Amino acid sequence: MNVFTRSRAGKVLGGIALVGASALVLAGCSGGGGNDAAAPSASSGGGAVSTADGTFHVGTILPATGNLAFLGPPEVAGVKLAIKDIEATGSEFPFKVELTERDSGDTTTDIATQSATELVDAGADVVIGAASSGVSFTFIDQLVNAGIVQISPANTSPDFTTYADDGYYWRTAPSDVLQGRVLGNLMVGDGAANVGIIYINDPYGIGLKDNATKAIEAAGGEVSVAVPYNPGDTVFTSQVDQLLQAKPDAVAVIAFEETSSIIPQLVSTQGYPASKVYFVDGNLSNSYEFPAGTLQGAKGTLPGNPADTDFQARLKEVDPALTDFSYAPESYDAVIVAALAAAQAKDDSGTAIRDNLQSVSEGGEKCTTFADCLKLINEGKDIDYDGVSGPITFDANGDPTEAYIGIYQYGADNKYTLLNTEFGSLNE
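The sequence shown begins at 3 in my numbering and counts up one residue at a time.
One or more of the hints may lead you astray.
Unchecked claim - BS3-like, lysine-lysine: derived pairs with alpha carbons at most 30 Å apart:
#1 K417 x K278
#2 K86 x K368
#3 K377 x K348
Keep in mind the hints are simulated off the structure, nothing from the lab. This structure is a prediction, so every number in the text was calculated from the model and none was measured.
Full structure from sequences and hints, please.
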């Protein structure tokens, strides 16, 4: 099925997105910086740069620096492992494969817009990234204008669902409509009736806070206090004081690297029990340098099917230093599904990839590896790729329609382990 079936919120309008120090800086895992109300409208103008030149050119804009830098290594490893699996099929894949890696930074810098410009100039066909919703908003229009497909492995802001991107933006992580539902139900299910939330004031934080609040209230609980902080804040004394004045019996911390400052103030200084603290994908990490036991009992949610031991072992062959595997499956699947779309189209241009992404994710013969799916495509069969992150199954907005959310808990060593996973649909 080589027909472009997606219907987005209109075609893009206007002029080229600004690049450099004056570039629009927003927010959002996920992301950092800006304000939800300031989300930009899409722009266009300029012809497609990505062309059918015989090279499947993958670019990455993933965090080597910034407040989500801990997510960079597993995402990069996922991309590189996918490239390895594609190249292993040899001449069965009809294109040369090229990878160009760039940093995303965060929304306090213009690193991502510069990276996007470099990838446009290099002739990338698909860009994997960013991890941050806010960062993606700063360069999405550049890629749309160039006819380059963008697939984020970690953007969860609901704002992307209706963004006017002419079909070039996709993601393999589910919208926070789903994570918010699981987080809210988890807190109430654990006995919380009076919930407090501290959240980053950007599209990611606002969207996740709103969706968690809906779930908490629907389950019979109450959010008695929701305290925002701004990207770049380093001191959280007043926010924690305001939070604790409401005497919540559970606290959700919707944050990024700022968590390393929030937790000492909340748990160590104020004595709030860690067992009543809940993390999210933006701050669920094994890299915190807290005294032993600081996080013991805290729980967290993370979109995506957890990387199983076999997949973790393969990732560690790419990067032996990996300790976190967050969004590695989604990064792997982003590259694989793009390559399958190009193979089905027999065309490596961004536009051809765009026009075939939804088709290879649904409705055909099930397959779970790149080699098996490619074989079916080469036999002229319609495929339905189910990846290591889950079934994917893109909808008309480029969102996965169903996904896993993992629920994790920290031990005395301040490391998290999986408790269970929940499978949910975005159409519920």
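Now for the hints, and whether the structure bears them out:
A C-alpha spacing of about 16 Å is found between K417 and K278, which places the hinted pair at or below 30 Å, so the restraint holds. This hinted pair checks out: K86 and K368 have alpha carbons roughly 22 Å apart, not beyond 30 Å. At roughly 14 Å between alpha-carbon atoms, K377 and K348 fall within 30 Å of each other, so this suggested pair holds.
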